[in-house]
Amino acid sequence: MKTYVCPSCKTDNILTIDIEIEQYICKSCSNLINTETKTILKSVKKPTENVVLEVGQKGKIDGIEYQVIAIVVRKYGTSVFWREYYLKDKDKNDAFLSESSGHWVFLQPKEMPKKDFKFHAEFNGKKYRWYESTPNNIDAATGFFEDKIKFSLANYKEFVNGTEMVSIEQVGAEKTFLWGKHIPKSEIKRQFKPNYMPNYSGIGIVQPYYINIKQLINVLAIVALLMSLLQLYNTVSRTNYEVFSDKIRFDSVRNKELISKSFDLNGASAPLNVKLYSNVDNSWANVELSLVNEKTNEIEYTSQDIEQYHGYESGESWSEGDKNKEFNFCGVAPGKYHFAINAQKQGFEQPNGETFYSPDGSKSFIYDEFGFVDVTTLATGEKISYNLSNLQTNDSVIYSELEKAKEFKLKNPNFSATLPDTDTLNPEFDIQAFWKPVSFWNYFIIIGIMIVLVLLNYWGKYLFDKEKWKNSNYSPFNEYTN
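Numbering (our numbering), first residue to last: -15 to 466.
Bear in mind the hints are in silico, worked out from the structure with no lab data behind them. Don't take each hint at face value.
To be verified - Between beta-carbon pairs, the in silico distance windows are: (1) D131 x V(-11): 18 to 26 Å; (2) T32 x F428: 53 to 61 Å; (3) I206 x Q288: 35 to 43 Å; (4) K173 x V438: 25 to 33 Å; (5) W425 x N202: 24 to 32 Å.
For each residue, glycine too, the CB sits at the ideal point set by N, CA and C.
Whole structure, please, built from the sequences with the hints as guidance.
What follows is the structure in structure tokens.
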């Protein structure tokens, strides 16, 4: 440890590492001092803005402890500044930390290559592309310097390859060759423990893309392989099979719910495929289907329309719709289930108004929105409408039957009688259900998502690199550069 007493302000400037220095800048008065003659050479601006490390501060990089011995702020033009922290390890080897707009680069001096660099540089078997040449000078400085600090114009010629760079720094006839790499902001904070860190701005010239695409591909490839093996196991060990099949008359589920027989679904969660058929002809049918888990009472509901229309127009035939409908209940867990089924069709719709039934089930009484009641003889389907406002006066028999039907509903709220369907062309619909534990649908969806994820990251990296090189006159994205 050496102490250098400033000849101007008498402040002790302590250097804790054993090296010989030629000049230092007093930490108090900011005068540049020659150590041999102890003379004041000039006053130097003190580095303050966004300077987060201090002279004497220590931290590890790649497992080696370094100490900050000097800080230099460099300036390009009138508005571009960056900070350089001069480092020494215990073996007195030099290194540098360069910070610009919150982006950090760790640099080490290397032997100057014999080959001159133009648009590309080669170092340790890697090729680096010319990024920029930056003339600059010192704006502010402090600390200890082994050689004379040079305030004359310097030129930095920088070459980039991904997260690494090489730089040729020239001041007059003297050249220094450095190799550098990106170092995360979090690593600086963890090792040197500064009080604060400068905020990011833009993209650093050796900043890595946010995601390591090679690692992402490796991880997704392993996931895809495991999924493929699992899919192969499912295909070999399981089979798809029918769990339910029935023909159901529309008049048996009109205005009431049919509970199907129970069926078992075995294996892992899988889609339950359902197929419906109705002989609709220029008409429609609707089937409401609830899948009920008998253990948990969980219900999955769907309403499916079956429509088929056809005709002639301008001398040409046309048709739309289909007599068949197919859909899936997705991700159904294994267990015991049944269907709750309700259906209607064109000309045999569910009544919209409140419905009452005679105690013997021979008649239905349905209110409509216009103040009438439709009285239907269920055996024949004969229907007569009566005005409710004068029903008691005009037809006391029907009025009495209606009152009895109301009383009957109060005592039997779930009672429902069947109105026969006289339609012989489409009296029923078919329903089939298939348990599909072997399905490639989810497999291909996930594989597709992984492929899209990789492609999006390649596209994102392209945009990222393009933005990184936008301030360079030698961008690979500029068709006029080499």
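Against the structure, the hints come out as follows:
no. : hint                      : result
1   : D131 x V(-11): 18 to 26 Å : holds (22 Å)
2   : T32 x F428: 53 to 61 Å    : holds (60 Å)
3   : I206 x Q288: 35 to 43 Å   : holds (41 Å)
4   : K173 x V438: 25 to 33 Å   : holds (32 Å)
5   : W425 x N202: 24 to 32 Å   : holds (26 Å)
No hint from the list above goes unmet by this structure.
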